[in-house]
Amino acid sequence: MDNLKKTSLFPSYKKYGAKLVDYAGWAMPVEFSGLTREHEAVRTAAGLFDVSHMGEIEVKGKDAAEYLQYLLTNNIGTMNDNQIIYAFMCYENGGVVDDLLVYKYSADHYLLVVNAANMEKDYQWMLDHKGDYQVEIENLSDQVSELALQGPKAEAVLQKLTGTDLSEIPAFYLKRDVKIAGANCLVSRTGYTGEDGFEIYLSHEDAPMVWEKILETGKEDGVVPVGLGARDTLRFEAALPLYGNEISQDISPLEAGLGYFVKFDKGDFIGREALLKQKQEGPARKLVGFEMIERGIPRHGYSVLSKGKEIGFVTTGYYSPTLGKNIGFALVQKEYANLGDVIEIQIRKKTATAKIVDKRFYAKNYKK
Amino acid sequence: MITVKGLYYSKDHEWVKVDGNKALIGITDYAQHALGEIVYVELPELGTEYEAGDVFCVIESVKAAADSYTPVSGKVVEVNEELEDSPQLLNEGPFDNWIVAIEMNNPSELESLMDEEAYKIFCEKEE
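First to last, the protein sequences are chains A and B.
Residue numbering for the first sequence follows the numbering used here, starting at 1 and increasing by one per position.
Residue numbering for the second sequence follows the numbering used here, starting at 1 and increasing by one per position.
Please note: incorrect hints may appear among the correct ones.
What the hints assert, rightly or not - Computed list of chain A residues with no C-beta within reach of chain B, every gap over 12 Å:
#	residue
1	37
2	118
3	125
4	267
5	282
6	342
7	366
Unchecked claim - Once the Cα atoms are required to be at most 30 Å apart in a straight line, the calculated DSBU-like pairs of lysine-lysine come out as:
#	chain 1	residue 1	chain 2	residue 2
8	A	5	B	125
9	B	75	A	349
10	A	19	B	5
11	B	22	A	349
12	B	125	A	14
13	B	11	A	349
14	B	11	A	14
What the hints assert, rightly or not - Covered stretches of chain A (in silico footprint by chain B; criterion: 3 or more residues with CB under 8 Å from a CB of chain B, positions within the stretch not fixed):
#	region
15	22-35
16	294-303
17	314-324
In case anyone wonders, no lab produced these hints; they're calculated from the structure.
Here a beta-carbon is modelled for each residue, glycine too, at the ideal position from N, C-alpha and C.
Excised from the complex, chain A in its bound form:
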């Protein structure tokens, strides 16, 4: 772990019993008190995550909106100030460079929050496609800590630490200069768990104090620190995609069933032509949900078969802590992607049967 990058919260992990893993070059906690317990805490109370490994890239200048329209698949033009949207940055061929959140401060000032593993690649891609746009692109990733407080009690707990009325921040909106336990923070009502909650951006100096304060204040409400293990099971149940699993350089947003975030009517953008062709012809592969019939836990990368013939692969699979079932997502040839169809999952030397089901395993519990 010595040669890995460490967040400002790293010194606090040990106190909470973290087990560490190497995640995209960062020494990150995979779990604290236990994955299932942490998962349940987020579903029923709230959990606190260190997500400081995420990247933040700022885009400023008079052409900022126009530049992002060209760079990203979602429509930047309809965003309000302080609004946040989810979008893809695509290659010309429709494959995904990264999926990200766009934070709009004002018409000429935006923040992109990107995956840790893709941050360098994203930044370079953005510079390479700057062209004649009048924009300044700055990689702030090393300067920002990020916490996520997620769960039905997130608002009540965080409210105890701030004078800002958090109920006035709607889902997918942000507020700057919020004082949390005295520290200056950017707060957004966003997350990656399927629950209501907040993401909090702040300085490295303040982050350990705010982390402690939230855990202290939230203790009576059942707030616990949560690692990347439960972060993944939570996002998976809520059918939120993970780069490298459900979407990637080789899996387009349309194949992953995320066409809602690709707006063809907004004008040109990188990847538009390839994606439009895919849309008109219908993607050859489709992401489906499935539930195991026979015993076995499906895992990322396992082959999927139909009557012995390979038809695709598992993108994510788990024993679901909330549902108590073995479930997964698979990318399969579209002729096999019908609800109710029986497929086989290759688990080591054996195959086990599974049934294609609706991939929304868990209904998102966002604040309306």
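Following the hints, complete the assembly by docking chain B onto the known chain A.
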């Protein structure tokens, strides 16, 4: 970390309890702690023949699947079927719940395993 006297221990954190020519094999407390909450155990079929070092069982936590290696060669003569429906028994009592019983071909293989004291020292170094 709990260990038990009178057992043999492998570097892969399995324990062996010898009963005549039969070896009962399980995973140690260290192993169950490292794995986290166990949600599935894939047991071998009765009658399967293994060489020492072969994967005889796959133990899965929510996060990942981990192979277990048999420290001794021989034939599977019993499997602990209770683990199919209650895999968490390996967390709750790793030394009370054996996974398989193997009829040993070559009991001298036991000599290359560690005793309790040696295993404790081995685990300290792993930390």
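Hints, one by one, checked against the model:
| no. | hint | verdict |
| --- | --- | --- |
| 1 | 37 | violated, 8 Å |
| 2 | 118 | holds, 22 Å |
| 3 | 125 | holds, 31 Å |
| 4 | 267 | holds, 43 Å |
| 5 | 282 | holds, 35 Å |
| 6 | 342 | holds, 21 Å |
| 7 | 366 | holds, 24 Å |
| 8 | 5/A x 125/B | holds, 24 Å |
| 9 | 75/B x 349/A | holds, 19 Å |
| 10 | 19/A x 5/B | holds, 28 Å |
| 11 | 22/B x 349/A | holds, 27 Å |
| 12 | 125/B x 14/A | holds, 19 Å |
| 13 | 11/B x 349/A | holds, 25 Å |
| 14 | 11/B x 14/A | holds, 26 Å |
| 15 | 22-35 | holds (count 4) |
| 16 | 294-303 | holds (count 4) |
| 17 | 314-324 | holds (count 3) |
In terms of the numbered hints stated before, the structure departs from hint 1 and from no other.
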